[in-house]
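Peer 1: Now for the letters of each chain:
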Amino acid sequence: MRATTLLLAGALATGLLASGCAKRAPESAAATAAPHPLAPELGAAAGELAAVSAALAQNAASLAALGVDTSRSRDGEKPDAPTKRERDEIRDGADEKSSESATDLDDAPTPKTPVAPKSAAPSPSTAPTATARTTAEPSPEPVGAASDEASGCDRICALAGVACDLAQRICTLAKHHEGDARYADVCWNAERQCEQASDACADCSAC
Amino acid sequence: MTSGARTLASPATARWLTLALGFVLGGGSMLVGLAQAGRLAAARPEALVALAQMVEVEHRRVDLLLERGDEAGAIAALEALRRQPWPAREDGGDIGEQLRHDVYGRLVRLRLDFPDIDPVGDDALLQIIDQGLSGSYREVETNPFTARLVALRGEALEGRGRDDEALGAYEEALGMNRALLDRELLDRELGEAP
Numbered sequence: 001m002r003a004t005t006l007l008l009a010g011a012l013a014t015g016l017l018a019s020g021c022a023k024r025a026p027e028s029a030a031a032t033a034a035p036h037p038l039a040p041e042l043g044a045a046a047g048e049l050a051a052v053s054a055a056l057a058q059n060a061a062s063l064a065a066l067g068v069d070t071s072r073s074r075d076g077e078k079p080d081a082p083t084k085r086e087r088d089e090i091r092d093g094a095d096e097k098s099s100e101s102a103t104d105l106d107d108a109p110t111p112k113t114p115v116a117p118k119s120a121a122p123s124p125s126t127a128p129t130a131t132a133r134t135t136a137e138p139s140p141e142p143v144g145a146a147s148d149e150a151s152g153c154d155r156i157c158a159l160a161g162v163a164c165d166l167a168q169r170i171c172t173l174a175k176h177h178e179g180d181a182r183y184a185d186v187c188w189n190a191e192r193q194c195e196q197a198s199d200a201c202a203d204c205s206a207c
Numbered sequence: 001m002t003s004g005a006r007t008l009a010s011p012a013t014a015r016w017l018t019l020a021l022g023f024v025l026g027g028g029s030m031l032v033g034l035a036q037a038g039r040l041a042a043a044r045p046e047a048l049v050a051l052a053q054m055v056e057v058e059h060r061r062v063d064l065l066l067e068r069g070d071e072a073g074a075i076a077a078l079e080a081l082r083r084q085p086w087p088a089r090e091d092g093g094d095i096g097e098q099l100r101h102d103v104y105g106r107l108v109r110l111r112l113d114f115p116d117i118d119p120v121g122d123d124a125l126l127q128i129i130d131q132g133l134s135g136s137y138r139e140v141e142t143n144p145f146t147a148r149l150v151a152l153r154g155e156a157l158e159g160r161g162r163d164d165e166a167l168g169a170y171e172e173a174l175g176m177n178r179a180l181l182d183r184e185l186l187d188r189e190l191g192e193a194p
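As you go down the protein sequences, you meet chains A and B in turn. The opening residue of the first sequence carries number 1 in this note's numbering; numbering runs sequentially from there. The opening residue of the second sequence carries number 1 in this note's numbering; numbering runs sequentially from there.
Worth flagging that the hints you see were computed from the coordinates, not collected in a lab. A virtual CB, placed ideally from N, CA and C, is assigned to each residue, including glycine. Possibly wrong hints are sitting among the right ones.
Unchecked claim - Calculated from the model, a selection of chain B residues having no Cβ within reach of chain A, i.e. all distances over 12 angstroms:
| no. | residue |
| --- | --- |
| 1 | A72 |
| 2 | D116 |
| 3 | D123 |
| 4 | L126 |
| 5 | I128 |
| 6 | D130 |
| 7 | G135 |
| 8 | S136 |
| 9 | R138 |
| 10 | E158 |
| 11 | D164 |
| 12 | G168 |
| 13 | N177 |
| 14 | E184 |
What the hints assert, rightly or not - Below, computed lysine to aspartate or glutamate pairings styled on DMTMM-like, alpha-carbon distance capped at 25 angstroms:
| no. | chain 1 | residue 1 | chain 2 | residue 2 |
| --- | --- | --- | --- | --- |
| 15 | A | K175 | B | E171 |
| 16 | A | K175 | A | D185 |
| 17 | A | K175 | B | E165 |
| 18 | A | K175 | B | D122 |
| 19 | A | K175 | B | D94 |
| 20 | A | K175 | A | E195 |
| 21 | A | K175 | B | D164 |
| 22 | A | K175 | B | E172 |
This is chain A alone, in the form it adopts within the complex (with noise of 0.2 angstroms):
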C-alpha cells in the first residue's frame, strides 16, 4: 500500500516538475543569455553537491552489500484509519492505561480499516523524499484522476489515524489530571478531531 501511495505521490510529483518546467520556458531564454545571478553560490553548492554525491555512492554501495535495491520502493501498508469502534476505545483505552506509567501509541491496537482500492501510478520518482519512498518502478496503469484521489484519501486517513493517536495519548494524561479543564479541552478536542478526520476518512473510503 506505501509503495502504491508512493507511486501515487510520484504521479503528483512529476505533474508538479512539469508545472515547474511549463512556467519556466519564457525564463530560460533570459538565462542563456546572462550568467545566472546565483552562479557563485551555485558553484559552491556544486563542491558540496559532490561531496554529499559521494556520500551517497557509498551510502548506495553499502545498501547494495546488503542486498538492498536502492531503485525499488519498499512494500508499504495501508494506512491504518480508525474505526468507530476504535475511536469508541479511546476514551476505553485511556481509562486502562490509566494506571500505566508510561504508553507507546505505536503499539496501540488499531483494526485496519478498507482503504479504497487504488489504481497505481506510474511515474518514476526522482524528487526528493525524506524517507525510502521513491520509485523507479513503471506503472502497470495510467495516471490518472483516480489516482489522486486515492492518494488524497490515504493522506486523510493517516491523518486521522495520527490525530486518534494523538488523542488517547492526549485523554490518558488527562487521566491523570482529572479536574484540570485545560486537560479535559484539550482532550476534548483531540476526540472531536478524531471524530472528525475519521469520518472524512469514512466518507473518502465509501468513494
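Got chain A sorted already, so can you dock chain B onto it with the hints?
Peer 2: Positioned in the frame of chain A, the structure of chain B alone reads:
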C-alpha cells in the same frame, strides 16, 4: 511481536510514513518545480536534492537494519546522519528543515522505543529534540515531520513527568495535524467542485 518488528510495522509508524510519503514527495517535487520556475525557496537546490537523496538512502539502510533486528545499528546510523552539518534555513528552505525534522523524528522514535540501547538521558534526549526543531520550527510550513517531532517532544516531556509541557506539545502537534487535515479536505473539496 518483537520490539523491532513493532517499530517497523506499527500502525502509527505506518501512518506517519504514509503521510510523509505524500507530503514530502509533493513538497520535494514542488521544490524542483519551483526551482525550475525561478521561485525556489532554497538557495542551493542541487545540494538540497543531494541531501534529500542521502537521507532517503539512509532511511532505507535503517529499514534494513531494523528488519534484521539491529536496533543499535539503526540508531547509530541515524545518529551519524543527525550529526552531519545541516543546511541553514536560508540555504535549504523549508524542505531542508523538514528533512532534518524527519531524521530527528525517526531517531527519537527509536530512542524512545529502545531506551536501553546506547542510552541517553532524558535531558539529553530533549536537547536532541530541541536541536532538531531549532527555534524556528513554527515558521516552517506545516508538515507531518515537524508535527511528529513536536508530538515526540510531548512524549519525552511526559516521560519526565512534565505533564503541562507535554500537554502543550501534544496540543501543538494536534493543531498541526488539524491544519494538514483541513488542507487535504480543502484540496478534496476543490477537486470535487464542478
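Peer 1: Does E158(B) sit more than 12 angstroms from chain A, CB to CB?
Peer 2: Check fails; 6 angstroms does not lie beyond 12 angstroms.
Peer 1: Need the status of pair K175(A), E165(B): alpha-carbon distance at most 25 angstroms?
Peer 2: Status holds; Cα separation ~16 angstroms.
Peer 1: Taking 12 angstroms as the cut and beta carbons as the points, is L126(B) off the interface with chain A?
Peer 2: holds, 15 angstroms
Peer 1: If we take the beta carbon of D123(B), is the closest beta carbon in chain A still more than 12 angstroms away?
Peer 2: The claim holds: D123(B) sits with its nearest Cβ about 17 angstroms from chain A, beyond 12 angstroms.
Peer 1: Holds or violated: K175(A) with E171(B), Cα cutoff 25 angstroms?
Peer 2: holds, 16 angstroms
Peer 1: Holds or violated: K175(A) and D122(B), Cα atoms, limit 25 angstroms.
Peer 2: holds, 23 angstroms
Peer 1: D130(B) clear of chain A by more than 12 angstroms, beta carbon to beta carbon?
Peer 2: The claim holds: D130(B) sits with its nearest Cβ about 20 angstroms from chain A, beyond 12 angstroms.
Peer 1: Would you say I128(B) is clear of chain A, with no C-beta pair closer than or equal to 12 angstroms?
Peer 2: Since the minimum Cβ distance to chain A is about 18 angstroms, I128(B) lies beyond 12 angstroms and the statement holds.
Peer 1: Would the hint linking K175(A) and D94(B) be met if the CA-CA limit is 25 angstroms?
Peer 2: violated, 37 angstroms
Peer 1: Confirm or reject the statement that G135(B) sits farther than 12 angstroms, beta carbon to beta carbon, from all of chain A.
Peer 2: holds, 21 angstroms
Peer 1: Taking the minimum C-beta separation from E184(B) to chain A, is that value above 12 angstroms?
Peer 2: Non-interface label fails for E184(B): nearest chain A Cβ at 5 angstroms, not farther than 12 angstroms.
Peer 1: Holds or violated: is the Cβ of S136(B) farther than 12 angstroms from all Cβ atoms of chain A?
Peer 2: holds, 18 angstroms
In this structure, the hints that do not hold are numbers 10, 11, 12, 13, 14, 19, in rising order.
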